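In case you want the letters, here they are:
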Amino acid sequence: MRTTLGGGAETMSPNGFGQAAALRVEAREQVAENIISLTLADPSGNRLPPWTPGSHIDLILPNGMARQYSLCGNRWDTYHYRIAVLREPNGRGGSEWIHANVDEGDILGYGGPRNHFPMVPAEQYVFIAGGIGITPLISMIEQAVRTGRSWRLLFGGRSRQSMAFLEELERYTEHVHIAPQDEVGLLDLDDWIPGLDPGTKVYCCGPTGLLDVVESACRKCPPYTLHTERFEAPAHESSQDRSFILKLQRSGIELEVEPGTSTLDALSGAGIGIISSCRQGTCGTCEVPVVDGIPDHRDSVLDEVDRQAGDCMIACVSRAHTPQLTLDL
Amino acid sequence: MTTSTTPPQSFSRSDIDPYSLDNLLDRSRVQREVRETAPIVYLNEYGVYATGRYDTIREVFADWPHYQVGAGVGLANFHTEKPWRPPATPTETDPPEHDAPRRVLTEVLGMRALRRLREQWTEEAEEVVDRLLAAGEDIDAMADLASAFPLKVFPDAVGLPAENRNNLLAYGDLVFNAFGPQNEHFHSGAARLTELSQWVTTLCQRESLSPDGFGAKIWEASDRGELTADQAPLVVRSLLSAGIDTTVHGIAAILHAFATNPDEWQRLRSEPQLARRAFDEAVRWASPLQFVFHTTSKRVELEGVELDQHSKVMLLIGAGNRDPRRWDDGDEFTLTRDPSGHLGFGMGLHQCVGQHVARLEAEALLTVLIDKVSHIELAGTPQRGVNNTLQTWKTLPIRLTT
Ligand code: FES
Numbered sequence: 001m002r003t004t005l006g007g008g009a010e011t012m013s014p015n016g017f018g019q020a021a022a023l024r025v026e027a028r029e030q031v032a033e034n035i036i037s038l039t040l041a042d043p044s045g046n047r048l049p050p051w052t053p054g055s056h057i058d059l060i061l062p063n064g065m066a067r068q069y070s071l072c073g074n075r076w077d078t079y080h081y082r083i084a085v086l087r088e089p090n091g092r093g094g095s096e097w098i099h100a101n102v103d104e105g106d107i108l109g110y111g112g113p114r115n116h117f118p119m120v121p122a123e124q125y126v127f128i129a130g131g132i133g134i135t136p137l138i139s140m141i142e143q144a145v146r147t148g149r150s151w152r153l154l155f156g157g158r159s160r161q162s163m164a165f166l167e168e169l170e171r172y173t174e175h176v177h178i179a180p181q182d183e184v185g186l187l188d189l190d191d192w193i194p195g196l197d198p199g200t201k202v203y204c205c206g207p208t209g210l211l212d213v214v215e216s217a218c219r220k221c222p223p224y225t226l227h228t229e230r231f232e233a234p235a236h237e238s239s240q241d242r243s244f245i246l247k248l249q250r251s252g253i254e255l256e257v258e259p260g261t262s263t264l265d266a267l268s269g270a271g272i273g274i275i276s277s278c279r280q281g282t283c284g285t286c287e288v289p290v291v292d293g294i295p296d297h298r299d300s301v302l303d304e305v306d307r308q309a310g311d312c313m314i315a316c317v318s319r320a321h322t323p324q325l326t327l328d329l
Numbered sequence: 001m002t003t004s005t006t007p008p009q010s011f012s013r014s015d016i017d018p019y020s021l022d023n024l025l026d027r028s029r030v031q032r033e034v035r036e037t038a039p040i041v042y043l044n045e046y047g048v049y050a051t052g053r054y055d056t057i058r059e060v061f062a063d064w065p066h067y068q069v070g071a072g073v074g075l076a077n078f079h080t081e082k083p084w085r086p087p088a089t090p091t092e093t094d095p096p097e098h099d100a101p102r103r104v105l106t107e108v109l110g111m112r113a114l115r116r117l118r119e120q121w122t123e124e125a126e127e128v129v130d131r132l133l134a135a136g137e138d139i140d141a142m143a144d145l146a147s148a149f150p151l152k153v154f155p156d157a158v159g160l161p162a163e164n165r166n167n168l169l170a171y172g173d174l175v176f177n178a179f180g181p182q183n184e185h186f187h188s189g190a191a192r193l194t195e196l197s198q199w200v201t202t203l204c205q206r207e208s209l210s211p212d213g214f215g216a217k218i219w220e221a222s223d224r225g226e227l228t229a230d231q232a233p234l235v236v237r238s239l240l241s242a243g244i245d246t247t248v249h250g251i252a253a254i255l256h257a258f259a260t261n262p263d264e265w266q267r268l269r270s271e272p273q274l275a276r277r278a279f280d281e282a283v284r285w286a287s288p289l290q291f292v293f294h295t296t297s298k299r300v301e302l303e304g305v306e307l308d309q310h311s312k313v314m315l316l317i318g319a320g321n322r323d324p325r326r327w328d329d330g331d332e333f334t335l336t337r338d339p340s341g342h343l344g345f346g347m348g349l350h351q352c353v354g355q356h357v358a359r360l361e362a363e364a365l366l367t368v369l370i371d372k373v374s375h376i377e378l379a380g381t382p383q384r385g386v387n388n389t390l391q392t393w394k395t396l397p398i399r400l401t402t
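As they're listed, the protein sequences go chains P and V.
Here the first sequence stands for residues 1 to 329, numbered as in this note's numbering.
Here the second sequence stands for residues 1 to 402, numbered as in this note's numbering.
It is possible that some hints are incorrect.
[Said to hold, decoys possible] Per the computed footprint, the stretches of chain P lying under chain V, defined by three or more beta-carbons under 8 Å from a beta-carbon of chain V, are: (1) 73-85; (2) 105-119.
[What the hints assert, rightly or not] List of simulated lysine to any residue pairs, SDA-like, C-alpha gap at most 20 Å: (3) V:Lys217 x P:Asp303; (4) P:Lys247 x V:Lys217; (5) V:Lys298 x P:Tyr224; (6) V:Lys217 x P:His177; (7) V:Lys217 x P:Pro118.
What the hints contain is simulated information worked out from the structure, not anything from laboratory work.
No experiment lies behind these values; they were computed from the predicted model shown.
Glycine is no exception: its CB is placed at the ideal position from the N, C-alpha and C atoms.
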């Protein structure tokens, strides 16, 4: 099946540089029981915006669901993103849909990358992963290796078969402790958290239960030792590339932004020139003020507070959740 | 852009010296020579590759794994030469070391911080302009406006003490000279090198910075472990070296642009919403930052030329910003143009993190000038300044008519 979203999924900027609102699935691989990895690329072969370990992208599915997935590929490969998707039968349906429908060649909408789980400099790192929580950590490990920091990983999961990236971790056996529940039971943090050397940062990602346990185990550590990531459902579910009406308050113009056209291009088509630069949602040049309506933020620039405030948006990539958006232009 | 159209090593060479006095005073000859000779030109004088083509420069910016900044963004190659000061961060660091400083700066200079400053800076601009207009019509726009305004608002925002701010300009001038060869222009400033570096190093310490500015925010980030304690002062320093001179000369460029293009000033006055576009067009047209260097991380092919590992590639921003392959009438300053995608703030991973600050400063100043000044014209012959990297004015006599 071929899923197309975002119309042509590709618009060309006036200067001829491609601007992707979508990603093409280059490869789909089974990496563990119930986990597939997807390798994603710009449909027209352009480079993708750079990212840092801990970053995620929003995948926007044709049914309007937006789901966040940590990037777990090689950041030095500027043409590809890789994510891993766990099939969650009791989830909200996004991962089920991906497992059931997504195939090589499909085109999916996306937003980001953004990083709410950035890796801070440290003397040494302790990584704790539960199940699919390994995904953001795998690129952090790579980074720790590259910068010559010492690190250890405690990786728990239901069983070996359900744990992704074991093969990739094989070359680091002396740093890695694999603890499948069906072999050794629940994760035992006693050897990991108490008595950490000063200058150690703990990065933990996994199910809520694990995060809670690690949080309480770290209570006696110096402040800012523990870094966790909890995936939360985006505030707005429906993020399809549908058309919406743009009202320009000051100039009194009203125009329709079609799927496949960016807000920025719609504006410049109407003679409202907004300065842009990267056209990938990474530099912030094309910010426009929003006075009414709810933006569908897909940039990598705005932080959570700005996004929630909803009083501005990044016009080169972002769209609208509401049928209308009023800009102070 | 790595297609092989010519056999490797058949690259063009040039004897032109981008750093000779003549060529620093008037950049057009170097821009044209490098850009029009070939996509990649080897500069015999300095043993570096150079490009002045828009697409090629963009390619180098975009391909950050292959073209790095850790070996210096100036002519000196840190693989073989010792830097004169600890490399700037994040400007002269590559991933992964680049990540944390860049992230902190992005946050400190983020949208919310700037929105808070908008009103305040417009008021300050009003004060500066009113004072000037009260004193008479003819001014040296370089000293009285282009330096005076940023030198007030930006150091305030960073949280620097009020004394000796002119030293910041001298320091910046020196830093940007040091990105070129150690020629007379470098040596003329270098006498103050030790003194000014020490002074700036002191300014970057927590104790020198007021508690509510950008500088204090950077130190707070290091308290939270987002930067190391060693990185914090270097990140503050990057604000001081990259945030002053470039903005000053950017603002001088737009004043010069309007003084020499009176119709465009009238147009801006009738369409004040073009202020942002005007500033970016001035940055494209004048390119305050003329040259920047990247260094190959491994053997790589660019425009059919094989570049060895650790080769320096000189990017002629000023040439790319007027490349006729990309811009119609690139030598013209015009508000009709959409200058989007110009290279004046760089592009990609290392794109200027302070660009929104610069735009805001310019916008505040222009907004006030639009309101109060009906004509801007030259009141004498402007004199170029000389700097190895920056395109500057030494004096810019203009007349402001209310
Ligand atoms: S142009 Fe860079 S974020 Fe839109």
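Now the hints, each set against the structure:
Counting residues of the stretch 73-85 of chain P whose CB falls under 8 Å from any CB of chain V gives 3; the rule of at least 3 is met. A stretch counts as covered by a chain when three or more of its residues have a beta carbon under 8 Å from one of that chain; for the stretch 105-119 of chain P and chain V the count is 3, and the coverage holds. Between the alpha carbons of Lys217 (chain V) and Asp303 (chain P) the distance comes to roughly 16 Å, so the proposed pair stays at or under 20 Å and holds. This hinted pair does not check out: Lys247 (chain P) and Lys217 (chain V) have alpha carbons roughly 37 Å apart, beyond 20 Å.
The hinted pair formed by Lys298 (chain V) and Tyr224 (chain P) fails the criterion: a straight-line CA distance of about 38 Å is larger than 20 Å. A C-alpha spacing of about 38 Å is found between Lys217 (chain V) and His177 (chain P), which places the hinted pair above 20 Å, so the restraint is violated. For a cut-off of 20 Å, the pair hint linking Lys217 (chain V) to Pro118 (chain P) stands: about 18 Å separates their Cα positions.
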